[in-house]
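Novice: Residue numbers (this note's numbering), protein chains in the order written: chain A, 7 to 492; chain B, 66 to 378; chain C, 191 to 323.
Keep in mind that the hints were calculated from the coordinates and are not lab data. Keep in mind that a hint or two might mislead.
Straight-line alpha carbon distances no greater than 20 Å define the calculated PhoX-like cross-link-like pairs of lysine-lysine that follow [to be verified]:
1. LYS194/B x LYS280/B
2. LYS238/C x LYS236/B
3. LYS16/A x LYS192/B
4. LYS194/B x LYS16/A
5. LYS142/A x LYS408/A
Derived CB-CB ranges, DEER-like [stated by the list, open to error]:
6. GLU247/B x MET7/A: 34 to 40 Å
7. GLU247/B x LEU221/A: 46 to 52 Å
8. ILE303/C x MET70/B: 55 to 61 Å
9. VAL233/A x PRO174/B: 21 to 27 Å
10. GLY262/C x ASP186/B: 57 to 63 Å
Facing chain A, according to a computed beta carbon distance under 8 Å, are these residues of chain B, among others [what the hints assert, rightly or not]:
11. LEU132
12. TYR149
13. ASN153
14. PHE172
15. TYR173
16. TRP176
17. LEU196
All C-beta atoms, glycine included, are put in the ideal place defined by N, C-alpha and C.
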Amino acid sequence: MIQSLHILRKDIRHLWLDLSMYAALLIAAAIAIPKSWDPANLSNTPLHILITLLNVLIPIVWLLLVARVVHDESLVGDTQFWITRPYAWTSLLSAKLLFLMLCLILPFAIMQCAMVLQTGTNPLHALPAQMMRLLKIAIIVWLTFTAVASVTSTIQRMFMAMVAVVLFWAGALTLVSGAPGPRMAFPFASEVFGIYLGVLVLATLVFQFATRNTLASRVALMAIAVVFVELFACLVEGQIQAPFNAFVRRNYPLSTDASLRLAFDPTSIPSQDAGQGEHRISALVIARLPIALQGLAPTTHLNDQNVSFTIDAPGYHYTAPWRPADLEDNSLKIFIPQKALDAAHGASVHMHLSEVARRMFPGTPQTILAADSFHIPENGVCHLLPALSGDNVSCRYAYELKSRTMISAAVASGTCIKPEIFHSSLETLAARPPSTELDPTVEIPLHLGGAVCPGTPITFTPFHPGGNFRLELDIPSISLDRYLVR
Amino acid sequence: MTTAMPAIETHGLSKTFGHTEALAPLDLSVPRGAVFALVGHNGAGKTTLIKLMLNILRPTHGGATILGRPTTTLTGKSFTHIGYVSENQELPDWMTVQAMMDYLRPFYPTWDEAHLLSDLDLPPDRKLKQLSRGMRMKAALASVLAFRPPLIIMDEPFSGLDPLVRDELIKALLDRMSDEYEDDPNGGLTILISSHDLAEVESFATHVAFLHQGKLLFAESLATLTARFREVIVTLDPAMTTSAFTPPITWLLPESTASVYRFIHTNAELDNFEQQVRALLPHATEIRSEPMTLRTIFLALAKSSQAQDRSRA
Amino acid sequence: MLPFRLTFRPGVPISDQVVYAATRAIVAGQLQPGEPFPSVRTLSRDLKINPNTAHKVITQLLNDGLLESRPGIGTVVAQLPRSTATQRTDLLGPQIEELVVEAKRLSIDLDDITAAITRHWKRLTTPPAGGSK
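Let's have the full structure, built from the sequences with the hints guiding it.
Specialist: In structure tokens:
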């Protein structure tokens, strides 16, 4: 422990100039970004250029800091000063990780808190969201930087390696997303990837510090990347159908609600006008089936709706992958491979459909009185724009808007000074994940279709998840040709 | 020297890089208290051998022990007893000399800087990267002598240094040896120095080993080595012709004219040394044998090995 | 400061060479009786020899009676000991004969040899008191 702190102190002394530069950039961001929230600064181009610059510079400074601190006691080669000195590798590794946490992550977190403070919300309330955000950055960025630094000896080499990493990811993921048509995301994709990457890269890092076997570590990192792409292909793109399907079925159990069902109306033919859309995507043909979801309570909302189906024709069977469901206008849009249509020869086929979804129930509403600036639930703050006519409410949340929220208020058609007709308005905001930029807040302008006047009560109703379910529908005979979109 | 376990011992230790055998399997023993000179031309394998001893490289075959423990089990802690100085090793260039000493101190429980920096005439506030090559070596040596290790390994410490600096380095080493001698006359301090030029070390070395192209030609005490090597000059009677003969394997680099036959004898302690010579050179009128310095022995061995390699090729 | 230098010659053990050099310095008066003899450390540093060798040298000189150990002071130069009868016979007998044989072999005449002996003798004679030290 003492050796760790001793090495840490040396590193901080050695890199004080770089750390000062980093601090300056963070302070600049903490001042400039909140300035950009002010609508008056919308056309302040120098400010926006500065912010873009900071968004690029700060990750570069991360790379610089990680490279310099890890390379100060490089793990690569056999002429380093420290390898014939009484260093315990555990002390060395913990010293570098401590540096990372104390000098890289902590100042960044403080900058984030400073910015959140400037929205008017309490940063402590947003701590769990902040921790999740930091964890994601840690796994994707900081841990990767540290692992690559541990298998390189100079900053130039590390930079080249990072370029190679980025190119690999971009190339591999584009290649993998080859199959046409939208796909369902694996239910726990980010958790699986996060743990996979985090644990394996960390293990490789520890291995490299313990054994200084650079060749093996480099191979391990490349293998992790390749397997990751494979994993991504399987989970996200659903390329291994059977286990994927089985898992989805388990995660979305058959619905026990008797009133909720899928219904097929053989008498109606939905509009086959593709409009601005396509009628096919490469080998997939688009069809609209007259299928509706019935029995859903009006206040319930459904998230993550996905549909899969099987087609059975004489001598031909097809199982479709899970795809996001498009159930508007009492019709379901599906993608059928050309081969299936050919196998059907225009005759009827047997079709079986499954739909999965997550219920979202409205929770306890909260009513807030509008003012120039007012706090709203879920770590948010709203401002009334000075215009006081038209859509004049802009809300800003710390890190994310976690759950879908319904907003209702009485809005004025004209301005608030001479109020004319008030009408009630309802808007639903979808959940918004954190941005990938330095700005720790997400801005959501409200579109209530009228001005909210100061003093008006606004009601916020968050939605809460209420369980997964699956619905099955069997259609013994259906002629697909009738429903093809043109 | 004690008869206790040797400071360093190797058994069939060898190292191959790809298809090149950098070190053929060798057995070596460095006794405690020895000043062990490792001689060989550049590329002979001296640095490879040293790196194997310090677990900087892993052996391809065989093994070695250092201070009683297998080299492959050397931990960070073992280096509190081993000092390593090498012309190739990096130093924390951004630190000043004193800053480096201060930084290293907590790593070593036996640290005692005393007057090392002033004895070696080192400017404590100068950054290491601003020091000349000689000063850097002195600084490196200071950072090793300061924690009084019982084993010091030096890889080409004098290479490229001017005589004044070499002198200072040697004096510092001898001082340390005297310290150690005063504490324990039965020898605790072992020094291993590798070099391709041993003029300085010859006066206080106790053992020498000679590496040639990865092979250990010999390893023995300096006393026996200098006793058995003699430059022999035989004056021949010009009136008689000498019949051709194959010189024995102990005769190196034979040269002859009509009146002189000269060679290097590698086993001149033979009782029947003169008889052996006369038996092969019956017309010898005078046999003179001169002792050789370590440098001339090394030169002769290097030339002889070269000649052997050429004749084999 | 060491009153004697060592020009390292191969073939002869270093300890013997140092003993000879020290003996030479003592007989020549460069080291006076009662003067402290350099320590192991000083010998080692100045002559660049192993401390073990330096110790061996001092032990040899003590045995030869050229140095003596004084409690509280250390090793000092002793009064030149009286030679034993055997030592005198050995020097004036076989050792001189070796010199004469060698001289005759090289055809050096008696006058030259005597002159040389006188020269070396004078060079190593103790200077008068209050001299070069």
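Novice: Now, for every hint given, state plainly whether the structure supports it.
Specialist: How the hints compare with the structure:
1. Taking the CA atoms of LYS194/B and LYS280/B, the gap is near 37 Å; set against the 20 Å cutoff, the hint is violated.
2. For the hint pairing LYS238/C with LYS236/B, the CA-to-CA distance comes to about 7 Å; that is within 20 Å, so the pair holds.
3. Taking the CA atoms of LYS16/A and LYS192/B, the gap is near 15 Å; set against the 20 Å cutoff, the hint holds.
4. Taking the CA atoms of LYS194/B and LYS16/A, the gap is about 17 Å. The hint holds against a cut of 20 Å.
5. Note on LYS142/A and LYS408/A: the hinted pairing holds, with a Cα-Cα distance of about 16 Å set against a maximum of 20 Å.
6. At roughly 37 Å, the beta-carbon separation of GLU247/B and MET7/A lies within the given 34 to 40 Å, and the hint holds.
7. The hinted window of 46 to 52 Å between GLU247/B and LEU221/A holds, with their beta carbons roughly 48 Å apart.
8. For ILE303/C and MET70/B, the hinted distance range of 55 to 61 Å is satisfied, since their beta carbons lie about 56 Å from each other.
9. Take VAL233/A and PRO174/B: their Cβ atoms lie about 46 Å apart, and the range 21 to 27 Å is violated.
10. Checked against the given bound of 57 to 63 Å, the beta carbons of GLY262/C and ASP186/B, roughly 34 Å apart, lie outside it.
11. Among the interface hints, the one on LEU132/B is violated; its C-beta lies about 14 Å from the nearest C-beta in chain A, farther than the 8 Å criterion.
12. Hint status for TYR149/B relative to chain A: holds, with the closest Cβ pair at about 4 Å, below 8 Å.
13. Because the closest C-beta pair between ASN153/B and chain A is about 5 Å apart, less than 8 Å, the hint holds.
14. Because the beta carbon of PHE172/B sits about 5 Å from the nearest beta carbon in chain A, less than 8 Å, this interface hint is met.
15. A distance limit of 8 Å between C-beta atoms decides the matter here; for TYR173/B the minimum to chain A is near 7 Å, and the interface restraint holds.
16. For TRP176/B, the shortest C-beta to C-beta distance to chain A is roughly 11 Å, which exceeds 8 Å, and the interface hint is violated.
17. The criterion of a C-beta within 8 Å of any C-beta in chain A is not met by LEU196/B, whose closest approach is roughly 14 Å, and the hint is violated.
Violated hints, listed in ascending order, are 1, 9, 10, 11, 16, 17; each of the other numbered hints is respected by the structure.
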